[in-house]
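K.L.:
So the number in the working numbering is just where the residue sits in the sequence shown, counting from 1, plus 4.
Take the hints with a grain of salt, since some may be wrong.
[Unchecked claim] With a straight-line Cα cutoff of 25 Å, these simulated DSS-like cross-link-like pairs (lysine-lysine) come out:
#1 K415 / K28
#2 K211 / K97
#3 K138 / K52
#4 K141 / K52
#5 K422 / K206
#6 K141 / K102
#7 K102 / K207
#8 K97 / K138
#9 K388 / K333
#10 K138 / K206
#11 K207 / K415
#12 K333 / K52
#13 K415 / K141
#14 K388 / K141
#15 K211 / K415
#16 K207 / K28
#17 K415 / K206
#18 K28 / K141
#19 K141 / K97
#20 K141 / K207
#21 K206 / K141
#22 K211 / K52
#23 K28 / K102
#24 K333 / K138
#25 K28 / K138
#26 K102 / K52
[To be verified] Label pairs and their calculated CB-CB ranges:
#27 L448 / N380: 37 to 43 Å
#28 R304 / N406: 25 to 31 Å
#29 N380 / R202: 30 to 36 Å
#30 R202 / W11: 47 to 53 Å
#31 G47 / L233: 54 to 60 Å
#32 N303 / L248: 44 to 50 Å
#33 K206 / W411: 23 to 29 Å
#34 L22 / L260: 54 to 60 Å
Don't read these hints as lab results, they were simulated from the structure.
Every value quoted in this text rests on a predicted model; they were computed, and no experiment measured them.
Even for Gly, the Cβ is constructed at its ideal location relative to N, Cα and C.
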Amino acid sequence: MDYALLWAVLGGIALLLLLILRFKLPAFLALLLASISVGVFAGISITKILSTLQEGMGNTLGFVAILVGLGILLGGLLEHSGGAEALAQQLLKSFGEKRTAWALVTAGFLLAIPVFFDVAFILLVPIVYSLQRKTGKSILLYGLPLLAGLAITHAFIPPTPGPVAVAEILSANLGWVIVFGFVVGLPTAAISGPLFARMISKKVMVKAPILSSTEGQNMATQPGLGVVLFVIGLPLGLIVLNTLFTSFAITPTLPLFIGEILGLIGHPFGALLIANLVAWYVLGKKRGVSSAALNQLANRSMAPAGLIILLTGAGGTFKQMLITTNAGKMLAEVFAAQGVPLLLFAFLAAVSIRLLQGSATVAMITAAGLTAPLLNEALTAPQKALIVLAIAAGASILSHVNDSGFWLVSKYLGLTEKETFRSWSIMTLLIALVGFASISLLWLLV
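Using the sequences and the accompanying hints, generate a full structural model.
P.N.:
Shown next, in the form of structure tokens:
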């Protein structure tokens, strides 16, 4: 074993954590500096280091930048139209008062596909306040199911940025990630959401705070449930359809032009582009929104995309540096010799970084960079998708004080730090453990 390469990798990870935790440097800069440090410690030339940075950034962003942009735009249209609140209200009406927790976890699960976690939570938390005041029960009974649905989809199901970035770094098929994301996410959401909420709400009684002025807003102008579900499900359905056709070798048996059309509309780019055009009309123009207003909405929605794209690109440079220095190959040999399963390594890498520095996104991207060089050609597309989800599960674990999500939940649900640990932190621990257990079971089957 080349101990110089091992120390190069460990030194790079240590520097990354030091820059983020001690010096509070932005994760984008920290990842770039960590990538450079691996190259320097490994003894490769400055010219090679710089070309590796460029290669890693370019290869990753060629796919991710378009997908993140389209996904954020779609979420902005759904948010602006009132579709998020409409979906939640309709689900509550359909499920009935006794099954409210299941309605909320379903709403969170569906809405986190096009809408960012924190945005969707802030939009829907007034419904949680209203339910608590109506029933007099602990706010955790309603807040945790919503949070579980949002957190699981945000981590497990594309086109949310985290799994998209990890899938690109690992060259995994997004269709399989979506399919397995639902298979893993549904039982995980049930256990960490309504079931855990029912238990903890009996031990921790918290009333709804008065924080939002959006409670009781008029729902009359919002789109119908069918429209919202169609907009959310359209890109997912097209991507999965194309994946299934390709995986079972059906496409080559079709006429050439049909196969090409299917490949276009079922590619993540084509599927999200179509979904955006449909949403632009049914959630915008059809409802009387002017073109000028829609363009302003698009510009506002795109604002968060820059940070996500740059962070993902920096993660790509870290992965590429491990490949260029052959550190990734060396790590693969070490773990193979020690008998550490690849799936477990991917999970534990994400767990370690998440616990140390807090950000799930940084944990996912860094763990993907560490895992990518360990992959081999014998892995099937479903297996690669499960590795993506193992990283997502690990990056979800035990949110605590170094995670912005911890304080967001604490503030909006009116919890003390201790109550947030007992509820939100334990819920995220359940997401990680139940999720990884489900992923491990699927690994045995594929």
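K.L.:
Flag every earlier hint the structure violates by its number, smallest first.
P.N.:
The structure conflicts with hints 3, 4, 14, 16, 18, 22, 23, 24, 25, 26, 27, 29, 32, although it agrees with all the remaining ones.
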